[in-house]
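There are 2 protein chains.
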Amino acid sequence: MNKMNNIEVIINNKRYTLRGYESEEYLQKVASYINNKHQEFKKQDFYKLLDTEMKGILMQINLVDDYFKIRSNVKEIEDENESKSTEIFELKHELISVQTKLEAAKKEIEVLKKELNDSQKKIIRLETEQTRLERKREEG
Amino acid sequence: MNKMNNIEVIINNKRYTLRGYESEEYLQKVASYINNKHQEFKKQDFYKLLDTEMKGILMQINLVDDYFKIRSNVKEIEDENESKSTEIFELKHELISVQTKLEAAKKEIEVLKKELNDSQKKIIRLETEQTRLERKREEG
Chain W
1 MNKMNNIEVI INNKRYTLRG YESEEYLQKV ASYINNKHQE FKKQDFYKLL DTEMKGILMQ
61 INLVDDYFKI RSNVKEIEDE NESKSTEIFE LKHELISVQT KLEAAKKEIE VLKKELNDSQ
121 KKIIRLETEQ TRLERKREEG
Chain C
1 MNKMNNIEVI INNKRYTLRG YESEEYLQKV ASYINNKHQE FKKQDFYKLL DTEMKGILMQ
61 INLVDDYFKI RSNVKEIEDE NESKSTEIFE LKHELISVQT KLEAAKKEIE VLKKELNDSQ
121 KKIIRLETEQ TRLERKREEG
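Top line first, the protein sequences correspond to chains W and C.
Per my numbering, the very first residue in the first sequence carries number 1; after that it's consecutive.
Per my numbering, the very first residue in the second sequence carries number 1; after that it's consecutive.
Incorrect hints may appear among the rest.
[What the hints assert, rightly or not] Away from chain C, derived, C-beta distances all over 10 angstroms, residues of chain W: (1) Asn5; (2) Asn13; (3) Glu24; (4) Tyr26; (5) Lys42; (6) Lys43; (7) Gln44; (8) Tyr67; (9) Glu78; (10) Asn81; (11) Ser85; (12) Lys92; (13) Glu94; (14) Lys122; (15) Glu129.
[Stated by the list, open to error] Label pairs and their computed distance ranges (CB to CB): (16) C/Leu49 x W/Asp51: 44 to 54 angstroms; (17) C/Lys101 x W/Lys136: 19 to 29 angstroms; (18) W/Lys122 x C/Glu90: 44 to 54 angstroms; (19) W/Lys92 x C/Thr100: 14 to 24 angstroms; (20) C/Tyr21 x W/Asn35: 24 to 34 angstroms; (21) C/Glu115 x W/Glu129: 14 to 24 angstroms.
Calculated directly from the structure, the hints in this document are not laboratory data.
As the structure is a prediction and not an experimental result, all values here were calculated from the model.
All C-beta atoms, glycine included, are put in the ideal place defined by N, C-alpha and C.
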């Protein structure tokens, strides 16, 4: 288990001491994300007119907006993921079906080659026999 | 384009008027998300001891934490998505390869069947001829 840490962060130019199980690195990353948003906000004229409370609410709404946007993005890629899983399932199914047909075709080729080979031997035998009979007839 | 709206939301029991392009429905969803967090926080003893500013900072950190967690989750499902795309690509490739082999096998079967058929006809012809020759020989 991680131990509880006291970590100092600077958010919007003020120092805060946070107590929690999160790592220093993680909390600094969180603070830096919030500070970047403050920077963005400060570039906008309307923001300067707001009181501290309203600025805080605006920040919260903006953070939830980021969260909701990425959450709907997650939903999208999860749906995409699901449709890919279905496609994989169907492709595997089709692959097995085609492989089975290929195996059957290979066996049929083996059987046909054997039959053809037998027939060709029989033809040679018959042709030899015929030559023999014709020669006999000529002699006779 | 959407028009600018003035929308009233209640966050942590206070009324705020927000001006923006987001729909009323969306902003109420955002407010409700923040209010649920306030409810959660209020259940914890340490929270009651914090001043308003610190409560605001804690809320912001918590919202960024939600965002970061889901963002790392996005990375994970995107990776999963990518590996599924690779699998689909490979399966399609394999499927085409097996289908090509199956087509070749089917053609080979056709050729073999034709050759076998020709051979069998030749055998019948040779056997008929042989019977004829033997009968002639007996007669002769």
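For this session: Report the numbers of all earlier hints that the structure fails to satisfy, in ascending order.
Result: Of the numbered hints, 4, 8, 9, 10, 11, 12, 13, 14, 15, 16, 17 do not hold.
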